[in-house]
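Q: The listed protein sequences correspond, in order, to chains A and B.
Position one of the first sequence corresponds to residue 1 (our numbering), numbered consecutively onward.
Position one of the second sequence corresponds to residue 1 (our numbering), numbered consecutively onward.
Hints may contain errors.
No farther apart than 27 Å at their CA atoms in a straight line, the calculated lysine-lysine pairs in the DSS-like style are these [stated by the list, open to error]:
1) K270/A x K207/A
2) K14/A x K27/A
3) K27/A x K91/B
4) K207/A x K91/B
5) K183/A x K91/B
6) K211/A x K299/A
7) K211/A x K158/A
8) K53/B x K270/A
9) K91/B x K211/A
10) K45/A x K22/A
11) K46/A x K53/B
12) K270/A x K295/A
13) K183/A x K31/A
14) K53/B x K31/A
15) K62/A x K22/A
16) K258/A x K246/A
17) K41/A x K53/B
18) K250/A x K207/A
19) K91/B x K41/A
20) K244/A x K91/B
21) K91/B x K258/A
22) K45/A x K53/B
23) K91/B x K271/A
24) K65/A x K91/B
25) K260/A x K53/B
26) K53/B x K22/A
27) K14/A x K62/A
28) K53/B x K262/A
29) K62/A x K19/A
30) K299/A x K246/A
31) K270/A x K91/B
If you are wondering where the hints come from, they were derived from the structure by calculation, not from laboratory data.
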Amino acid sequence: MAYIDYYQVLGLKKDATEKDIKSAYRKLARKFHPDLNPNDKEANKKFQEVNEANEVLSDADKRKKYDQYGENWQHADAYEAQQQQGGGRHHSGYSGGGDTGGGFNYENFGEGGDFSDYFQSMFGNMNGGGRGRKAKYRGQDFSSELHLNLLDVTEPQKQTLNVNGKNIRITIPAGVENGQTIKIAGHGGAGSNGGPTGDLLITFVIKDDAKFKRDGHNLHTTVNIDLYTAVLGGEVIAETLTGKVKVPVKAGTQNGAKVKLKGKGMPVYKKENEFGDLYLSYQIEIPTGLTDKQKELFKELQQSAN
Amino acid sequence: MATEDLIEVTVFCTYHQVEYAFITSLEEAGLVHLTFVNQQHFIPQNQLSQLEKMIRLHQELDINIAGIEAIANVLDRLEDLQRQNLNLRNKLRLYETF
Numbered sequence: 001m002a003y004i005d006y007y008q009v010l011g012l013k014k015d016a017t018e019k020d021i022k023s024a025y026r027k028l029a030r031k032f033h034p035d036l037n038p039n040d041k042e043a044n045k046k047f048q049e050v051n052e053a054n055e056v057l058s059d060a061d062k063r064k065k066y067d068q069y070g071e072n073w074q075h076a077d078a079y080e081a082q083q084q085q086g087g088g089r090h091h092s093g094y095s096g097g098g099d100t101g102g103g104f105n106y107e108n109f110g111e112g113g114d115f116s117d118y119f120q121s122m123f124g125n126m127n128g129g130g131r132g133r134k135a136k137y138r139g140q141d142f143s144s145e146l147h148l149n150l151l152d153v154t155e156p157q158k159q160t161l162n163v164n165g166k167n168i169r170i171t172i173p174a175g176v177e178n179g180q181t182i183k184i185a186g187h188g189g190a191g192s193n194g195g196p197t198g199d200l201l202i203t204f205v206i207k208d209d210a211k212f213k214r215d216g217h218n219l220h221t222t223v224n225i226d227l228y229t230a231v232l233g234g235e236v237i238a239e240t241l242t243g244k245v246k247v248p249v250k251a252g253t254q255n256g257a258k259v260k261l262k263g264k265g266m267p268v269y270k271k272e273n274e275f276g277d278l279y280l281s282y283q284i285e286i287p288t289g290l291t292d293k294q295k296e297l298f299k300e301l302q303q304s305a306n
Numbered sequence: 001m002a003t004e005d006l007i008e009v010t011v012f013c014t015y016h017q018v019e020y021a022f023i024t025s026l027e028e029a030g031l032v033h034l035t036f037v038n039q040q041h042f043i044p045q046n047q048l049s050q051l052e053k054m055i056r057l058h059q060e061l062d063i064n065i066a067g068i069e070a071i072a073n074v075l076d077r078l079e080d081l082q083r084q085n086l087n088l089r090n091k092l093r094l095y096e097t098f
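Bound conformation, chain A alone:
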């Protein structure tokens, strides 16, 4: 794990005072707080870093250990005990980022008992210190992406997700959009001091489909028709989400002409039995490899048109 310079995270120098730390933390917390930065993963990550940095630097004892031992500060007590017993024989084990066999683990930070004390010291004192209460702190929101194909979202999908070893069964409503986020309340991180659990935010990533392009509830697709059908009219078989349909083609259909198949588009999100439309865009195929006889006939046509 890379060494994290908590002073740098808070934009402070090593000789920063307690007041400087508090002020820098509050400024950055207001900047990166998840409630002020909806759908911004970078800000959420930054907020966590700022919280971690503040937890260490705002606690005199932790700060002292951090200044002395750097990234391995959490093992300071064990190291000091070892030194007292062994006369400092194992000094190399804590010399800063070496093979200490379990240095400071960034991901696990905050799971220890100190985390709530930190929030109490910061938030509790700010708002309720005088009343002697502990501030409740809502757990962190977890964000996740779910990749689906366009055809997957044409009907409700039941999926089982594994979140931190816990299986959650969810039903994805038909018609969810690419980039849409749904919230599963109470499946995020645990709160502090009895605060509520955070939420699980799932963002859908809908892959492009080779056949259909989506525009909200509507779908677009291209259908090839031969020149003769375009000129004289007839029928064409078009693919829809629910199967193939026969579509009449008007005589004199132009290349790029569009036809709307009502109700053959995507299901409308959370509206049962409501569907968008499917737009067919005709692409006329010009015949190639004509026989001499066919060329003659086209010339006759050309002359009759002139």
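Starting from the known structure of chain A, arrange chain B on it as the hints suggest.
A: Frame of chain A, contents of chain B only:
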């Protein structure tokens, strides 16, 4: 509206450790709409997450009612722009390969 969809303001205040007056101030600022049933104020369930967000802004970032009001307006606009941006990006995908 069915009463089971409502949360009593006093219960909410006890749980979140906020003053009753703070909720009424939010109501006066038009940031929350309370319902009055049987001589008691209730919070409609659909406003709960917004209200909790405001409580967090107040408790965690020490932001006052005026600040919360300004933030709520800006966040509404931000979320609206994010939605518009998403719709436009999805629309753009339509023309990328066609």
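Q: State the violated hints by number, sorted upward, taking the hints as numbered earlier in the document.
A: 3, 6, 12, 18, 24, 25, 28 and 30
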